[in-house]
Every structure is written in structure tokens, then in C-alpha cells.
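Student: If you read the sequences in order, they're chains A and B. Taking the numbering used here, the leading residue of the first sequence gets 1, the next gets one more, and so forth. Taking the numbering used here, the leading residue of the second sequence gets 563, the next gets one more, and so forth.
Hints are computed from structural coordinates only; laboratory data are not their basis. Since the structure is predicted, the reported quantities are computational estimates derived from the model, not experimental observations. It cannot be assumed that every hint is accurate.
Among the chain B residues that face chain A by a calculated CB cut under 10 Å, a handful are [stated by the list, open to error]:
#: 1; residue: 709
#: 2; residue: 865
#: 3; residue: 925
We put the CB at the ideal spot given by N, CA and C, even for glycine.
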Amino acid sequence: MADQTLPLPGTVDLNPSRGAAFLEWLHSWVVTVDHKKLGILYAVYAIFFLLVAGAEAMAIRIQLAIPNNHFLSPELYNEFFTMHGTTMVFLVGMTLIFGFGNYLVPLMIGARDMAFPRLNAFSFWMSAFGGLLLYFSFIGGFGLYGMGSAPDVSWWAYAPLTAKAFSPGHNTDYWALALIVMGFGTLGAAINTLATAFSMRCRGMTLLRMPLFVWLMVVTSSLTLITITPLTAAQVMLIIDRYLGGHFFDTQAGGSATVWMHFFWIFGHPEVYVLILPAFGIASEVIPVFSRKAIFGYPAMVAASVGIAFVSLSVWAHHMFTIGMTSVSNAFFALSTMMVGIPTGIKIFNWIATMWGGKIRFATPMLFCTAFLFQFLCAGLTGIMLAVAPWDWQLHNSYFVIAHFHYTLTGSFVFCMFAGIYYWYPKVTGRMLSETLGKWHFWLFFFGFHMTFDTMHFVGMLGMPRSIYTYEPDRGWSTLNMIISVGGFIQAIAILIMAWNLINSYLHGAAAGNDPWDAWTLEWSTPSPPPDYNFAVDPVVRSRRPLWDIKHPNDPDWKYEQ
Amino acid sequence: MSPNFLARHLYSCEKFLSEFEGLAWWPRFHHAAAWAGKEPRYNQPQRPAFPSASVCAAALNRRANPSTANTAYVRLTTLSGKLWRMQQRKNQFMSRSWLLLAACVFLVASSLMAAERQPVPKIFAPSSTAPQTVPSIFAPASTPAYEIYNLSIFVLTITGAIFAVVGGLLLFTIIKFRARKNDPDHEPAQVYGSTQIELAWTVIPVLIVVVLFLTTARIIFAIQDEPEPKSALNVTVVGHQFWWEFRYPALGIVTANELHIPVSTSQHPEPTYLRLLSADVDHSFWVPQLGGKTDLIPNHPNQMWIDPHEPGLYLGQCAQFCGIEHAKMLIRVYADTPDEFNAWVKNQQKPAVEDSSVAAGRVVFETQACTNCHTISGTTAHGTFGPDLTHLMTRATIAAGAAANTPRNLYLWIQDPANFKPGALMPAMQLSDQQINELVAYLTTLH
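Kindly produce the complete structure, drawing on both the sequences and the hints.
Tutor: This is the structure in C-alpha cells:
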């Protein structure tokens, strides 16, 4: 196979020692171009950094639990909240979505691998090493204050705070360089996904018969290609400013701080849709299977996803309502932001309609998806509140915004990713995850999540801004912050339970078989885990649910689908 | 077209339409029988073979002799009947769309009214409009804050209604349609979609967005494009890392961190127009009770206005991450009655108090490099990098709110600013104990 070297005749060691066998196994992972192995590498990398960024969040919450705390110095606090955001978005979010995409897209379309396997490997390793460069900053030199040189300029790194005059150390440089490196990885993965989905579908699988997860990976990849470029461009300009005498964002020499904001948010807003669309894809696979019904309104779901991608490119300045744009500009972006809520709402209604009239089985993946529906509804509504520009003049940069985006990122993205992990883990490893531990994980995480992020809305409306390492005791924020921090700890325990579940079930879980969930897409027709070649015989499909057609020969989908 | 062809066509139309008896005209299912509670699709018996010629003839006869059958039944089951039913549906839709139009007009009109600067109904009135230490956005004390408050209540009502409806549907679904132990063994009816329902839940959100946008735009223009009246007080705010400079150009006053502005009543309106500049990085001026925030961006002057209705102290802080001590860049806004404000202005316009008993401290100040950053008018100190100290003792706090303005805190601050604000740009001046004591004695005379 591609990740094993061909031996010369007479050189094969027929009785390898345990060490040699282990090295051979390790080597196969390092040189692999198999989409399944790379998908697993992406996912393991993401889960590891989920734990790291979660630890950073716990440090932040300990610092903020009481006013005027001294757990973290201001320098370290600023590094931690910057790294928490940067890690979660890039090292956890982007890698996890391309991990799922890499593993599942070829299997779902009946292909043998991705279109460009070596580009696939290159993309993974670029992303991985970019992340390691980012984390090297903690130990690479003492930095200005003896706290390492981790980025401390917030994850949006506004100019001119990032100029050499105001950030003389190397913190900003690590931020910019690590993300440029990771950006190449992301672009490669996006190109690969698009090429695979457009040219490697099995016979009979028209574009409108692809599983919705594949559709959403296609839309995500297209959006990624458009959106990463402004970020890379801005970061290159920043490095030119800092080292080559440029003045793009150097306000002391006539440069523009607002141009950085435009560049960053033209990236930053579609980026969050890049993160959430694959989560929608996972929900669109899990909810039908556990409701025992086909997805309601498949063409509308495709159209809504494409619509979201398009409209999301026009909303970026809703992050800039307070910078002093004209009233007409503010009104335009308020309108476009509200409009992006329409296709999103359509998707929520379609999911509920899928569950309506079904026979809902609340296994762990479905629990996470149901909670996702509720939380995404709330997130969308707080998003509408933030789209109302005058109200945003109060809520911007407050804890209300943090609550909103954690509802979308943790409450929706992470919940769907957990659903996907519980759903496809049996396929990937051949073992079932423990349902008991899964339910413990779910309920603890759900309870902790709401304890933390519901409260955060209120402390934001009481005037608490974000990015502050401490606060005054007479502002009325103390009790609420303590509640938020306790909720954080409950979530941490839930994540540890999940980590334990993942490891323990790999070793002792029940055997999964091909199709433990009685599902309908092509990946469930392969053994668990699938062999290197995926499909022994190229599948031929006639509908969106090829396994339903096989299981219900009197009643196949292709007779009734439009 | 042969009679046989017609017969086949008629027969399948009849069969098809007969299954719609008793059902609503929407939604369109692939197999309505299952949905109507009859045999589920999975176990559906084989479709009957095509009918014999005699049955077709009977059907044709029925159509040829309408008088022999109930007219309505014929209309339901014949080809022309199908057209008739389509026409009925169209009429229904048209009459419903008048209703829809009326609803739209009502919604738009009510939203425009809601966006007027009128107080919300009593039950939604803010709990407090007086200055308080909790800087809540729901305790508006100034016109822009109040307009935002009104708008927020309106938006909350709409989003609350959406939450109740959709959340309620979700809750209903997960309870009603959960799998139960004694469920029959087959899969439920497979429904692929419904154009009518999907259209409805597209059109209604679009209408909601239209309403929300119109109200939002109205308030944007009301606040941002409010023309500046002649009676307005002009203050220039300059953001620094990590303190606020306030300049009153018309009055010749420069002060720091604590803003004094006149109360603005309806009889005597005197809003304060703030011009927002920055000396270094991005900052943001946010006093929630007085209005939304506006950023201070270098090279990008901004403007905002506030008009506190009640005298007192309003609290806020910098709301755009500006570096290591962003958290301790607090704002104190004193809304003064006219008398208080005039007295304050008069005092601020005077040069620094000269007290010969603390001359030693003044010498320390002027010789130990303090003058590089600070101004005390009437002395040789004209530095502009740090706050103006001419009337330091009129302020309740030092270091932009990081500590109360007491002699002890002044001592600790001068000894090492990191005692209160590690990362503040004022260096520890390495002064001796005696020097600091003399300095503090001098500074505490600067009323």
C-alpha cells in the first residue's frame, strides 16, 4: 500500500522484533497518504489541542472567578486568551473539520481515496507543524516579561497594537507565521476536497444524490479558498510592516488601522461559517438516521448551504459597527447579517421536520444533535440581536458577544463534532464507544455549558467588556463570574470523561460490525474499520440513500425522490 | 388519442385523486396513504393490475353522463375536476395572500411606530435610569442609551416569540416522536419535503427581517446622524495606553480619566459631543448607561454624543483590547448640575495651587524627570505623554481607576506603578522614601 515501502527481494524480515514492528507501524503513520489515516491524524491532533485550549480556558476562568485575582499576571492572561482563541479556531476547528472531511468524503461517494493523496499528506503536516510553531512560542525564549513569547495581541490582532512600536517582542511574529503555515495546509485540504467531490463520485451519484455531509464539505472548501487569502495577505503585510519598513497598518506613519480590520474580518466572518457548515453536515447525517426518516427538503438544504456561504461573504463589517463607519454602511451590514439568518433558519426547520413523524432513538449522537438544535436556535437569535447595529454598540466587545460565539462554537460546532465522533467512531475503529460514559459526557457537558454560557449573556448586558484580566468588585459581576467558572469546571470533567471513553473503548469496546446504527450512506457498507481500498467493488447508486434501497427492495428511495 | 389511452389516464387520475379525499391540499407526499394513517408504505400490498376494459368504460360513461353522478364527486375525480380543484386552491391562496399582505402592512406600520422615540409600554420600562455602580445597558440614563433600550426591547420581543415557537416545536417533537418500546417494527413514513411548508418558512423569516431592518435603520440614523445643536458641549477624548485624556477646547481645560459634563434636561438641553482620537492604539469609550460605545482609532477621528438626564457618577471602561493593562482603563463620568459644572470649570481653568510649605516636593517633581511626561500648569512641567496633574486632587481615583486617590496609594504608585498596574507605561522612578513623601505632600495640595 502507499504507506508501506516495497521491500527488495530477500530483505524482508520475516520475524521482526517488537521494536522493529513498532517502528514499521509508526513509519506507516508518518508517511501515509491514505485519507483514512490522515483523517485520524487530523482528529487526534484536534482533540489533543482541544484539551490544551481547554486548559487555557480553565486558567482564564480561575483568574476571573473572583475580582482582583492574582492567579495569572496580565501578560500571561493576555497570552492565554489569545492562544485559547487561536488554538480553538485553527488547531481544533479547522483540523477537526478536515479530519472528518478527509475520512468520510471518499467513503461517502464510493471513491478509493481523495483526488490528491500526497497533497493530502502535505496539507496535514503543514497544519500540524504550523500549530507546533504556534505553541513553540511559549518556550521559545523568555520574551519581554519572562513569560514566553506566545501571542498576546488577541486572536484578531488589531493594528496598530501589533506594530513593532507597541509589540516589540516576537509574540506577534509567532502568531502571523504559524497561521500562514497552517493556511497552506488548509488551502490544500480544501482543493483536495473539491477535486474529490467533483470528479470521483461513483456511478449513479449525481451531485444531487451526494450525502449532505459531502455537499457541506464542498461548500466549506469553496468558502475556505475564498476566505483564507485575505488573512494570509494581511499577515504578510503585517510582517512587512514589522520588519521591512512597510506602513500598511502603521498609523504613526499614515497607515490605516481600519484596513487591518477589514482584511481580518473579511476572513474572520466566513471563517466561522467554514467551521459551522461541516457541523451542519454531521447533523444532517445523524438526525435522519436516528429519526428513522430521510432528511426533509434535501434540495432546500443544499440551496440554503450555498446561500449561507454566499451571504456570509457580505456581512464582515458587523464586527466593526463601533469603528465609526457611516450610518449607511452600518445599515447595510445590519441588513446582510440579518439576511444570513434566513437560510440558517431554514436548515433548523428542516431538521425539526426530519424528526417530526419519526421514531427518534436517543443514542448519544442524537442527544448531542438535539442539544445542538436548541443551542443553535439560541445562538442564531443572539446573532440577530447583535445584527441590530445600535444594540451592538452596547453589546460589542462585551461578554454577551463571547456568550454568543461560544453558543455557536461550543454549543453548536463542538456538540455536532461530538455527535460525529460518537457516530463514526465505530466505523473508524471497529469498536463501539461506551453508551453509559457517552451519556455521562453529554449530560455533564450540557449542564456545564448552560451554566457557563447562559450566565455570560447577563454579565455582558451588565457592562462587562471582554479581554480583561480582572474587574472591579463593585460592578456586580463577581457572583456571575463565579458561576461561569464553576460551569467551566463541569465541562472540563465531561471532556475528560470523553477522553477516557475514547481510549478505553478502543481497547475494550464492543465489536461494531459494518453498520451498528442501521444507516443509509455508503460508508456503512464497508467493514469497520474499512480496508485500505475502501470498496472491493465500485458501488452503483440510484438514490440519496443507497443502503435504504438495498434494505428496502420493495420500497426503494429512487421511486419516490424528486 | 385513442379511447384506451384516455381510459388509462382517467383511471390513474381517479385513483390518485381519490386518495386525497379528506386530506388537506398540502403537503405533497410521495405516498399520501401512509401519512393518512392507512397501511404504512413499507408494508403496502402490491399495486393492483391495470383495470379491465369494462371498468374503463364505466369510468368513461360516468364522465360522459355527468347527470348520473354527483357533480362534486365527478369534479373531484375527473380530469376536468383536477383543473377545477387547482383553481379552487389558487383562489384560496389568493384570498390568503390578501391576509398575508394585510399582516405585512400591520407589522411594518407597528415597527415604524415602535422605532419612534416613544417610551415603551410600562411593563417594559427600565428598572432604573439613575446612575449606579453596575453599568447595565438596561439602565439607560441618556437619549442614545434610551433609544437603544427601546429598540432592544422590541427585538427581544420578536426573538422571544421565535424562540417560543421554534423551541416549542422542538420540544414537542422530541417528546411526541421518541421511539417507544411497543412501537411497530417498521420504519415510519418517509417524507421528502413539502414545497408549501418550505415556502412558508422562508417567506415568514424574510418578513421578520424586513421589520427588524426598518426599525434598526431608523435608530441608526437617529443616533448617528443627529445634528449637533448649538448648546452642545464639545470634549475631545484622546485615548492613551492606559488612560483617558479629556480636553475642553472651548473652555481651555485639560484633564484625565474623570469626565465632568453638564446634565441635559428637556428644558435645558445640553448634550456633550465627544470627539474621539487616539495617541497610540485602538481604544473604545463605553459608558453603558450613557450610550453605545465608539472606538478611538489612531488616524481615524470619531464622534459620539451623550446627554445624561440625571446628575451623578456613571461608570464605564475601555472596550477595545489595547494592550497589557486594558482591564484597568476605567472611565468615570460625572454628570453635574449647572452650578456644579460651572464651579468645576472655573476651578479647572485656574493654574495649579501654589503652596510654599510643600516647595520641596515641587522641586523633586521638577528635577526628577516627572516633567517629561506630566503637565502642571503654572510650573515648568509641560509633558503630554502622561495625564495632566494640575488638579489631581479633584479626582477620586488615580491610574485610570486602578486605585483610590489617597496619599498612601499615591506613595505606592510613584514608588512602583506595578503595585497597581503592572505594565503601565509609567516607569518606577527609583526615588528615595523621602523624595516620594515630599512629592506626595506636594501632589496632595493640587486641588
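Student: Now tell me if each hint is right for this structure.
Tutor: Verification of the supplied hints:
For residue 709(B), the interface hint holds, since its Cβ comes within 10 Å of a Cβ in chain A; the closest pair sits about 7 Å apart. The beta carbon of residue 865(B) is positioned within 10 Å of a beta carbon in chain A (closest approach about 8 Å), and the interface hint is therefore held. Hint status for residue 925(B): violated, given a least beta-carbon distance of 34 Å to chain A, over 10 Å.
In terms of the numbered hints stated before, the structure departs from hint 3 and from no other.
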